[in-house]
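Asks: The chain contents come next:
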Amino acid sequence: MVRLFAALALPVAVPGIIASLIWALPGDPAEIICPPELCSGTAELAARWNLDGGPWQFYFGWITSALQGQFGNSWRVLQGEPVRNLLNEAVPTTAVLLLAGMVPVLMAAVAGASGRVPKVVAPAFGVFGLVPAVVLALLGAAAVELKLGADSFDAEGTRMRIVAGALVLGLADGAFSDTMAGVAALFSSERKQRYVQIAMLRGEGAFTNMLPNLTPALVGQMRARTLQLVSGTVVVEVVLRVNGIGDLLWNGTLLQDFGVVIAAATAYAVFSAILLGMQAAAEVAVALWVRRAPTAAPHERSAVVAHTGGAL
Amino acid sequence: MSRWLPALLALAIFGALASMGWLAPQHLSEPVLERGLKSWDAFPPFGTDSRGRPLLEYAAQGARVVVVPAALAGCLVAAMSVAGGLLRCVGDSRVDAAVAAFGEVVGALPRMVVILVAAILIPSTDRSLVPLALAWAVLCSPGAMDEAAAVAERLGGARFVEALRAHGFSWNRIFLYHIVALNLRPVIVRQACETMTQVTFLELALSYLSLQQNQSSFTHPDDLRSWADMLKLGYPALVIPGVGTGHALAAGLFLVGSVVLFARLGSFSARAR
Numbered sequence: 000m001v002r003l004f005a006a007l008a009l010p011v012a013v014p015g016i017i018a019s020l021i022w023a024l025p026g027d028p029a030e031i032i033c034p035p036e037l038c039s040g041t042a043e044l045a046a047r048w049n050l051d052g053g054p055w056q057f058y059f060g061w062i063t064s065a066l067q068g069q070f071g072n073s074w075r076v077l078q079g080e081p082v083r084n085l086l087n088e089a090v091p092t093t094a095v096l097l098l099a100g101m102v103p104v105l106m107a108a109v110a111g112a113s114g115r116v117p118k119v120v121a122p123a124f125g126v127f128g129l130v131p132a133v134v135l136a137l138l139g140a141a142a143v144e145l146k147l148g149a150d151s152f153d154a155e156g157t158r159m160r161i162v163a164g165a166l167v168l169g170l171a172d173g174a175f176s177d178t179m180a181g182v183a184a185l186f187s188s189e190r191k192q193r194y195v196q197i198a199m200l201r202g203e204g205a206f207t208n209m210l211p212n213l214t215p216a217l218v219g220q221m222r223a224r225t226l227q228l229v230s231g232t233v234v235v236e237v238v239l240r241v242n243g244i245g246d247l248l249w250n251g252t253l254l255q256d257f258g259v260v261i262a263a264a265t266a267y268a269v270f271s272a273i274l275l276g277m278q279a280a281a282e283v284a285v286a287l288w289v290r291r292a293p294t295a296a297p298h299e300r301s302a303v304v305a306h307t308g309g310a311l
Numbered sequence: 000m001s002r003w004l005p006a007l008l009a010l011a012i013f014g015a016l017a018s019m020g021w022l023a024p025q026h027l028s029e030p031v032l033e034r035g036l037k038s039w040d041a042f043p044p045f046g047t048d049s050r051g052r053p054l055l056e057y058a059a060q061g062a063r064v065v066v067v068p069a070a071l072a073g074c075l076v077a078a079m080s081v082a083g084g085l086l087r088c089v090g091d092s093r094v095d096a097a098v099a100a101f102g103e104v105v106g107a108l109p110r111m112v113v114i115l116v117a118a119i120l121i122p123s124t125d126r127s128l129v130p131l132a133l134a135w136a137v138l139c140s141p142g143a144m145d146e147a148a149a150v151a152e153r154l155g156g157a158r159f160v161e162a163l164r165a166h167g168f169s170w171n172r173i174f175l176y177h178i179v180a181l182n183l184r185p186v187i188v189r190q191a192c193e194t195m196t197q198v199t200f201l202e203l204a205l206s207y208l209s210l211q212q213n214q215s216s217f218t219h220p221d222d223l224r225s226w227a228d229m230l231k232l233g234y235p236a237l238v239i240p241g242v243g244t245g246h247a248l249a250a251g252l253f254l255v256g257s258v259v260l261f262a263r264l265g266s267f268s269a270r271a272r
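Sequence order for the protein chains is A and B.
Residues in the first sequence are numbered from 0 upward in steps of one, following numbering that gives the first Met the number 0.
Residues in the second sequence are numbered from 0 upward in steps of one, following numbering that gives the first Met the number 0.
These aren't lab readings, by the way, just hints derived from the structure by calculation.
Given the structure is predicted, the values throughout are model-derived calculations rather than measurements.
One should not assume that every hint holds.
A few chain A residues that face chain B, going by a derived Cβ cut-off under 8 Å, partial list only [stated by the list, open to error]: (1) 233; (2) 267; (3) 269.
Covered, in the sense of this in silico footprint (three residues per stretch, anywhere, with C-beta under 8 Å from a C-beta of chain A), are these stretches of chain B [stated by the list, open to error]: (4) 117-130; (5) 191-204; (6) 252-262.
Where a beta carbon is used, it is the ideal one built from N, C-alpha and C, also for glycine.
Turn these sequences into a full structure, and let the hints guide you.
Replies: Spelled out as structure tokens, the structure:
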């Protein structure tokens, strides 16, 4: 319930908090778009940008527009440009980067679940995971520039930057090593449970028996990792010059472009809410699955029916 | 292996970084162009930048930027870990539910996004890493509280407290000595050390991203240099052979590595027997 509540509240709360921050800053919010020393007509501008009625009016206006797919205009990054256009360009790039970054993490999860990772390899990955994302991203950027030189910003260069970014996301800050260690620890402790050992004695697979019990914890771990990767996109996109939401959010922050920041942060919040919802759904599904009475195999069922004359 | 040696080494590293920060000059020294880009062996310990200024000054100013905020963040996370463990020992389901709700909501926020939103609020005249480090610590605290609570749960939670009370121990001794010092210590110290490292990495990332776009960093005033400046100075050595700034990159990485080593040694020294 808490998880579902958080999932529903996040996309509404994040723009609310940012809207209140706009008015928490000293001065008139309209002066951010149009500093009085540079231009006149701040009052008209405030009315046009819905900044003249205080935070509540701005917030409800923004939420109403956002529900219709309009996210307002950029204040400073590309002044006047609809943020929707900027997001349309940025979201697919970040999605590709994130999906590619999940590949090493999923590989680590599979390796950890299999329990066949050599004991020498795990600490080596652990040491590699200590490297911060910004340092690995620097190495990635250098590798792309060395490989492609002046052509590193064409289509192929962009592809290489995304691949390098995905590797950085998947390996840096312990994403790979911690996932492998976390999943391995989960499976290792569960394998010692009595029900798993009995299942193995009965000739059943350990994995299929453990999975229902481990799914909630696994889903929780993967959500945390995904969120870590989402956070990492900001650093990776800026250092590797990939035009995604992280890059957009960074530029918006640097230039105090609240039009961009509120939309980009809400996009991240929506993504996080989807992850929370998925985790809650997985937990409910597992709970329902576990609550079902164990079903007998077909031949056992027919034997039971024959024995009892179908009274069951 | 004794835990004293790692503890002493960790303290030595922290002491060295804190001393560097304490003694850091307010401004970089005057350029001496004829000693520009000297390597560490020609101008110990780290060499010089392109204008002949010692990279040691960069290192000291960078330490000044990160040491206090990282320590504050570490202390906050440690305090939250203690609170998480002790609250589990209270054995009140409503308290547990409230802690879980806090963890769910705060843990669902992408950390970097929150940090960037918080960064907008920092006035350009008073830039500091402290508010961002504290925000980062708050974002880290649900994980730390959760882990400490799991340790307290394994210990027996409220039943453990009752058992010790039956033995006649005082509340202070039970909570502060038996639970915190003997059982939660490894979690508290490790979480605090990890948070300190993460705050250092955060500063590095934010400063580097700002440098890349020729903007002021959110984390420190313009007259201070960060370790990110050393990485930025050294980066061309990766892509242009013979440019001669590799020593700056190596020095920056050495400083980052020393922070990682401090965290590892600190965690190791507090491990359970």
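Asks: Which numbered hints does this structure break?
Replies: Per hint list: single violation, 3.
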